[in-house]
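Numbering (numbering that gives the first Met the number 0), first residue to last: 0 to 364.
Check each hint, because a few of them may be wrong.
Computed beta-carbon distance windows for the label pairs [to be verified]:
hint, residue 1, residue 2, range
1, Thr14, Ala177, 12 to 22 Å
2, Arg211, Pro30, 38 to 48 Å
3, Leu5, Pro80, 32 to 42 Å
Listed below are the simulated SDA-like cross-link pairs for lysine to any residue, each with C-alpha atoms no more than 20 Å apart in a straight line [said to hold, decoys possible]:
hint, residue 1, residue 2
4, Lys95, Asn22
5, Lys89, Gln27
6, Lys255, Leu266
7, Lys255, Leu223
8, Lys89, Gly32
9, Lys255, Tyr273
10, Lys255, Arg159
11, Lys255, Asp221
12, Lys198, Asp221
13, Lys264, Glu252
14, Lys89, Val110
15, Lys95, Met105
16, Lys89, Gly31
17, Lys255, Thr240
18, Lys198, Glu208
19, Lys89, Glu99
20, Lys198, Ser170
21, Lys89, Pro33
22, Lys255, Val158
23, Lys264, His275
24, Lys198, Glu212
25, Lys255, Met281
26, Lys95, Ile84
27, Lys198, Leu223
28, Lys255, Val284
29, Lys198, Phe183
30, Lys89, Trp140
FYI, nobody ran anything at the bench for these hints, they're computed from the structure. The beta-carbon is built from N, C-alpha and C at its ideal position, and this holds for glycine as well.
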Amino acid sequence: MGAYILRRLMLMVPTLLGIMVINFFIIQAAPGGPVEQTIAQLQGRGDVTSRFTGSGEANAGAQQAREASEGNASRGARGLPPELIERIRKQYGFDKPVGERFLLMMRDYLVFDLGESFFRNARVADLIVSKMPVSISLGLWTTLLVYLISIPLGIAKAVRDGSRFDVASSSVVIVGNAIPGFLFALLLVVLFAGGSFWKIFPLRGIVSENWRELGWPTLIVDYLWHMVLPVTAMVIGGFATLTMLTKNSFLEEIGKQYVLTARAKGLVERRVLYGHVFRNAMLLVVASFPAAFVSVLFTGSLLIEVIFSLDGMGLLGFESAISRDYPVMFGTLWTLSLLGLVVGLIGDLMYTVVDPRIDFETRGA
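Given the sequences, and given the hints that come with them, work out the whole structure.
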């Protein structure tokens, strides 16, 4: 097992490198980068030059930009001075070739130096640390509820395979799988968050604005009240796959010889299902818990955080992509990719915990 873990850890290096290379050069090729956006802002509004502070050269360039945008017609017609444009490029590190910028970024990332945000006046690592609890909280609640709903429902569908209950519940599962979670989120907002009908649940944030003044019992209730709508939207859109996986795993195990033998010995059906079938059928389901959590964290929470204004990783990534805040974009990508690879390894190791008969070494994994 030690050799398998070592191989997986070594494979993380080229995987991470490939992810960063592909995304770095795709994003660099996209139009409207930070330099272009800053130039456009400077041409239209002089006060945005306050970001270029910290050196006499930068302040001089800012003053020139103000003059260009505040009424110097001849200079405004010609656009910004080339010297100022060069200062802007240097401010964001674009005075270096693209390959050199990538190597410098990866050198810093190896020691977990994620740099500083272009527009937020904060270190990227601090931003990620401050936003991560919201996304993790949303992901954990969603994953736990999905498992609590999907496993009993999948078992019930397997036991009653072909019955009216199975057909009716399959219709619900198909609808949940077909409609994206963010559409359910919009429906919940319209119905229960003051959109057009009732204002029962809060629309924004993970806690109330006065949460610092609340006692612990009230704070917990307030937190859970804010989580109802976003978690519900994610659970509705995410329980279908796990339900069908549970059902199919149980059906496969129920048809095996050891189940027929147990029934022939006179064991009651409940003992057969939960004493013999459950462990084997739940192997894949339980071991996939880390991967399911990462999937929710990566893909499920982005639009939900935007819709409900939850200040988490999804909203941070969305805002940084809109503003072309490259350090935040790449720092977030690096952190989530590394987290995904580590949790993927943990998910594989969970197989051996659930069923010690599995040995990756003998399988040549």
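Hints versus structure:
1. The hint said 12 to 22 Å for the Cβ distance between Thr14 and Ala177, and at roughly 32 Å that hint is violated.
2. About 43 Å separates the C-beta atoms of Arg211 and Pro30, a value consistent with the hinted range of 38 to 48 Å.
3. Between Leu5 and Pro80 the beta carbon distance is about 56 Å. The supplied range of 32 to 42 Å is therefore violated.
4. Restraint check: the Cα-Cα separation between Lys95 and Asn22 comes to about 19 Å, which is no more than 20 Å; the hinted pair holds.
5. Distance restraint check for Lys89 and Gln27: the Cα-Cα separation of roughly 16 Å lies within the 20 Å cut-off, and the hinted pair is therefore satisfied.
6. A hinted pair counts as satisfied when its Cα atoms are at most 20 Å apart, and Lys255 with Leu266 qualifies at roughly 16 Å.
7. Straight-line distance between C-alpha atoms of Lys255 and Leu223 comes to about 43 Å, which puts the hinted pair past the 20 Å bound.
8. Distance restraint check for Lys89 and Gly32: the Cα-Cα separation of roughly 14 Å lies within the 20 Å cut-off, and the hinted pair is therefore satisfied.
9. Of the pairs offered as hints, the one joining Lys255 and Tyr273 holds, with about 15 Å between alpha carbons and a cut-off of 20 Å not exceeded.
10. Proximity of Lys255 to Arg159 is assessed by CA-CA distance (about 17 Å); at most 20 Å being required, the pair is judged to hold.
11. The straight-line distance between the Cα atoms of Lys255 and Asp221 is roughly 49 Å, outside the 20 Å bound, and the hint therefore fails.
12. Between Lys198 and Asp221 the alpha-carbon distance is near 15 Å, which keeps this suggested pair within the 20 Å criterion.
13. For the given pair, Lys264 sits about 17 Å from Glu252 by alpha-carbon distance, which is consistent with the 20 Å threshold.
14. For the hint pairing Lys89 with Val110, the CA-to-CA distance comes to about 24 Å; that exceeds 20 Å, so the pair is violated.
15. Between Lys95 and Met105, the direct Cα distance comes to roughly 15 Å. Compliance with the 20 Å bound is thereby established for this hinted pair.
16. Our distance criterion of 20 Å between C-alpha atoms is met by Lys89 and Gly31, whose separation comes to about 17 Å.
17. About 23 Å separates the Cα atoms of Lys255 and Thr240, which puts this hinted pair outside 20 Å; it is violated.
18. Of the supplied pair hints, the one linking Lys198 and Glu208 holds, its CA atoms being roughly 17 Å apart against a limit of 20 Å.
19. Proposed proximity of Lys89 and Glu99 is supported: the alpha carbons are some 14 Å apart, at most 20 Å.
20. Our distance criterion of 20 Å between C-alpha atoms is broken by Lys198 and Ser170, whose separation comes to about 30 Å.
21. Taking the CA atoms of Lys89 and Pro33, the gap is about 12 Å. The hint holds against a cut of 20 Å.
22. At roughly 14 Å between alpha-carbon atoms, Lys255 and Val158 fall within 20 Å of each other, so this suggested pair holds.
23. With a C-alpha separation of about 13 Å, the suggested pair Lys264 and His275 falls inside the 20 Å cut-off, and the hint holds.
24. Between Lys198 and Glu212, the direct Cα distance comes to roughly 23 Å. Violation of the 20 Å bound is thereby established for this hinted pair.
25. With a C-alpha separation of about 15 Å, the suggested pairing of Lys255 with Met281 holds against the 20 Å cut-off.
26. Distance restraint check for Lys95 and Ile84: the Cα-Cα separation of roughly 14 Å lies within the 20 Å cut-off, and the hinted pair is therefore satisfied.
27. Of the supplied pair hints, the one linking Lys198 and Leu223 holds, its CA atoms being roughly 16 Å apart against a limit of 20 Å.
28. Proximity of Lys255 to Val284 is assessed by CA-CA distance (about 19 Å); at most 20 Å being required, the pair is judged to hold.
29. The straight-line distance between the Cα atoms of Lys198 and Phe183 is roughly 17 Å, inside the 20 Å bound, and the hint therefore holds.
30. At roughly 44 Å between alpha-carbon atoms, Lys89 and Trp140 are farther apart than 20 Å, so this suggested pair is violated.
In the structure shown, a violation is registered for the earlier hints numbered 1, 3, 7, 11, 14, 17, 20, 24, 30, in ascending order.
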